[in-house]
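Student: Kindly generate the complete structure, drawing on both the sequences and the hints.
With the numbering used here, letter number 234 in the sequence shown gets 758, and the count goes up by one each step, no holes.
Hints were generated in silico from the structure; no laboratory data involved. Where a beta carbon is used, it is the ideal one built from N, C-alpha and C, also for glycine. Errors might be hidden in some of the hints.
FRET-style restraints, in silico, Cβ to Cβ [said to hold, decoys possible]:
| no. | residue 1 | residue 2 | range |
| --- | --- | --- | --- |
| 1 | 770 | 613 | 46 to 52 Å |
| 2 | 794 | 653 | 20 to 26 Å |
| 3 | 833 | 731 | 36 to 42 Å |
| 4 | 653 | 796 | 21 to 27 Å |
| 5 | 744 | 765 | 39 to 45 Å |
| 6 | 706 | 747 | 19 to 25 Å |
| 7 | 615 | 833 | 15 to 21 Å |
| 8 | 706 | 799 | 56 to 62 Å |
| 9 | 823 | 565 | 22 to 28 Å |
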Amino acid sequence: MRHRSRRRQDVPAQIEIGHYGMPDNGLDIALLRAVFETANAQGRRPLFTIRPLQGGVFSGDMSRLDACFIGGPDILGATAPTAIRNAYDLRRRSAMLIGIGFGAFTLTAARLTDGAATAVHRKDLPKFRELFPFSRYSTALIEWGDRLATCAGGMATTEAALMIVEKLAGRALAGDVAGSLLYHRNRFTLTGQTLAVPEPSAGKGDIMARLAELLRDHVETPLATEDLADRLSVSIRTLQRLVRRRLDCTLMAYYRQIRLEHANWMLRETSNSISAIAASTGFPSHSNFTRQYRTAYGVSPSAVRRRARVQSAKPRPSLPTQAVQALR
Numbered sequence: 525m526r527h528r529s530r531r532r533q534d535v536p537a538q539i540e541i542g543h544y545g546m547p548d549n550g551l552d553i554a555l556l557r558a559v560f561e562t563a564n565a566q567g568r569r570p571l572f573t574i575r576p577l578q579g580g581v582f583s584g585d586m587s588r589l590d591a592c593f594i595g596g597p598d599i600l601g602a603t604a605p606t607a608i609r610n611a612y613d614l615r616r617r618s619a620m621l622i623g624i625g626f627g628a629f630t631l632t633a634a635r636l637t638d639g640a641a642t643a644v645h646r647k648d649l650p651k652f653r654e655l656f657p658f659s660r661y662s663t664a665l666i667e668w669g670d671r672l673a674t675c676a677g678g679m680a681t682t683e684a685a686l687m688i689v690e691k692l693a694g695r696a697l698a699g700d701v702a703g704s705l706l707y708h709r710n711r712f713t714l715t716g717q718t719l720a721v722p723e724p725s726a727g728k729g730d731i732m733a734r735l736a737e738l739l740r741d742h743v744e745t746p747l748a749t750e751d752l753a754d755r756l757s758v759s760i761r762t763l764q765r766l767v768r769r770r771l772d773c774t775l776m777a778y779y780r781q782i783r784l785e786h787a788n789w790m791l792r793e794t795s796n797s798i799s800a801i802a803a804s805t806g807f808p809s810h811s812n813f814t815r816q817y818r819t820a821y822g823v824s825p826s827a828v829r830r831r832a833r834v835q836s837a838k839p840r841p842s843l844p845t846q847a848v849q850a851l852r
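Tutor: Below, the structure is given as structure tokens:
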């Protein structure tokens, strides 16, 4: 008779897992349920409780979560002010926060990645670069930190859930779950996405690529819609419709997002005053910049500046490759 040499680590009696922004009939939530329900079956007790979180939950006395997965049905919903504010709330309430697919866009928009790279699906890279031109990204399947992770989505969601099982309940149980699901963890080295999905790239004639370049080059003195259309040799209506179709937002909202992104970078990486940052990103006054920033991100620029200073004084979180080594 063979005996296992591995031992299960001591685990809490109950592990609370939340998910937010994921369609009930979507692939991501199906994969999460498969992993955590299988973990309960393998552990022979209801160890993991997984539940959806809606907007009204955040004002209640919700207990602290051991982990929470954030998704999004589309870019518009994932980067909406409500989603960003809820991400801040979940960061406070969760021991671990994982952005899946468009949920990674939410964490980036909320500036919760602390300058770390965001794992982005190759098909979504053009939109990510357009929305967050000053943010780092990677084509790793998962970027893993101490309290926050981003996942490109798809089947990599299974690996993200298994990593949570391993972190909270031990490698032995995670291995049993993977075996029960006939899932081979070595297939996902977390070093990159398959080349079978080519990275989309914008050619020189792509209007959106030229628009993004124009907007980045005119952050301090924003161009009027008429000027943008004229420089791109298209009508105003065509330009507005193109931005709406590609990004699910208005042209001016896109321009404002790029300016706020640059302001975010300046808040973290420079010692310029907030008034100077407001002026250099095209906002008419300190108060207008603060109001626009708070509307977009649910937090003031001064709070982000203080947080950046605290983070710069701390050692950087463990690199994702270190997390990968722990799995092998």
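Student: What hints, given by number in increasing order, does this structure fail?
Tutor: Numbers 1, 5, 6, 9 - these are the hints that the structure violates, sorted from lowest upward.
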